[in-house]
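Keeping their order, the protein sequence lines are chains A and B.
No gaps in the numbering here: position 228 of the first sequence is 211 in this note's numbering, and each next residue is one more.
No gaps in the numbering here: position 103 of the second sequence is 86 in this note's numbering, and each next residue is one more.
Check each hint, because a few of them may be wrong.
Chain B is faced by these chain A residues, among others (derived, beta-carbon under 8 Å) [stated by the list, open to error]:
#1 A178
#2 L181
#3 D205
#4 Q225
Reference listing, derived: stretches of chain B covered by chain A, where coverage requires no fewer than 3 residues with Cβ under 8 Å from a Cβ of chain A [to be verified]:
#5 33 to 40
#6 62 to 73
#7 97 to 110
#8 139 to 146
#9 156 to 166
#10 228 to 234
#11 262 to 270
Worth flagging that the hints you see were computed from the coordinates, not collected in a lab.
Glycine residues also receive a C-beta, built at the ideal position from the N, C-alpha and C atoms.
Number of protein chains: 2
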Amino acid sequence: MKSLSDCTVVIVGLGLMGASLAGALRGKCARVVGVARRAEVIETALARGFIDEGTPNLIAGVRDADVVVLSTPVRVIIQQLAEIAPHLRSGCVVMDLGSTKKNIVDAMERLLPEHVQPLGAHPMCGKETSGIEVAEITLYRERTFILTPSPRTTAETLALGVALAEAVGAKPLVLDADRQDYIVGTVSHLPYLLACALVATADATTSKDPAAWKIVAGGFRDTSRVAGSDVTMMLDILMTNQAHVLEAVRVFEEQLRSLTAMIAAGDEDALRARLTHIRNTRKEMFP
Amino acid sequence: MKSLSDCTVVIVGLGLMGASLAGALRGKCARVVGVARRAEVIETALARGFIDEGTPNLIAGVRDADVVVLSTPVRVIIQQLAEIAPHLRSGCVVMDLGSTKKNIVDAMERLLPEHVQPLGAHPMCGKETSGIEVAEITLYRERTFILTPSPRTTAETLALGVALAEAVGAKPLVLDADRQDYIVGTVSHLPYLLACALVATADATTSKDPAAWKIVAGGFRDTSRVAGSDVTMMLDILMTNQAHVLEAVRVFEEQLRSLTAMIAAGDEDALRARLTHIRNTRKEMFP
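This is chain A alone, in the form it adopts within the complex (with noise of 0.2 Å):
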């Protein structure tokens, strides 16, 4: 059986989740080899010691690999899983760090040769800041590391998956790709169109009072604060999970207007019932 300490990962992308985990697993494995088409992230993840080599050639990267991970936007990873599929070697796994999952799992199975191992994986430590500049090795430590193996995958494979996420710190978390895309559609997804609906419904309305600018607290920052997330990152998870992110809306808007319409026909004893026991549930979720 493949042993994680053997391989040669390479990672291809080094922003704040790539970086971070090349550098978490540094030492680890044989070799840790970074792929980024800028000259200067290869030479800041050099500097900070995040990767053993760095090139900006996808093609050349690969070649050697044990393990490709990639993490890229979603529809950059489906493109570069054509890509790279013709020239990689006999047992390589191939991984990656989407936050959809269905789509990137189905491209795995039609894209890569049969003599290539496919692993989803979504770590959830997703930040509102990008870029090798935020990278940290601790990123990933006490994280839940989701795992979506697809059909072919094999338990090898999977093991192997489970061994790199406990190298950094994570806690490996095994799942169906559909699952994992209707769950994070409400517990991410959804978080990041309603602080940008927030943000909107603030800039169309009281940001035109200089006076709200002094006033937006902590309540504000918080509930907006993913609103700040990287456009082109959550443009492809939003495009490549729309029947979950719409179908979680919807139920938003439907627990949102019952909310609405208690404060509207002032029925207090309803309204207190109900935020008591929604802040009893968050408790529950955030002891």
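Following the hints, position chain B against chain A.
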């Protein structure tokens, strides 16, 4: 002109905001008296050095006050205004720390005798935690401290309010009560409702899946944080700011619908332009 340093300041309600204000004012005025129903709260306030004296008796507490600060939920404030009105000495300034101001300032005008001066206030430093246990004398530092005079508030009273805000390290901002309610409806009360509806959405859908609890990530935690706010306080706020809150929700629903329409239509160019504008707007709000 009355100087803060000569004043006996009586704080009614020793929760997070009241106790923190008391502690921050102590030493900056002649005497700080705390009024709280529960004996153990007064004991804690004394033990933590937040007050010079404490009493559970509202009327006895306010009788010698130069400044009274009502720091209870909005509708309790309105009740207490009626209760204390006949017992205040001439020249006394009555302030409050409630989140909605129009109802309170109207009640002050209506309920306080001519020889008592009214001044609404709303410091922007609420938290989702509450109670004297989490109080700290640094709570007000650098925070915007909204002051909402009523038609009969004198310049001298307003100057005293400004001095009080500055004494606790806050930045005073004088606003019309209705204008503050409109702004706060969008930048504070709306985020609360969104956070609640988000938690309710997860509760209605994904929370049934045990995996969802492991996946709930930073975005969800931040976006839902204020759903942990004190329910009695929030209920009073929503019930005394209904019109502005419902209007803010209406604009929010419009904004959310416009985003989801772009997702449903796959109109990526428009969506990218919109999300980029929103991201930049938020950066402007929180540089």
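Give me the numbers of the hints this structure contradicts, sorted from smallest to largest.
Per hint list: 5, 6 and 8 violated.
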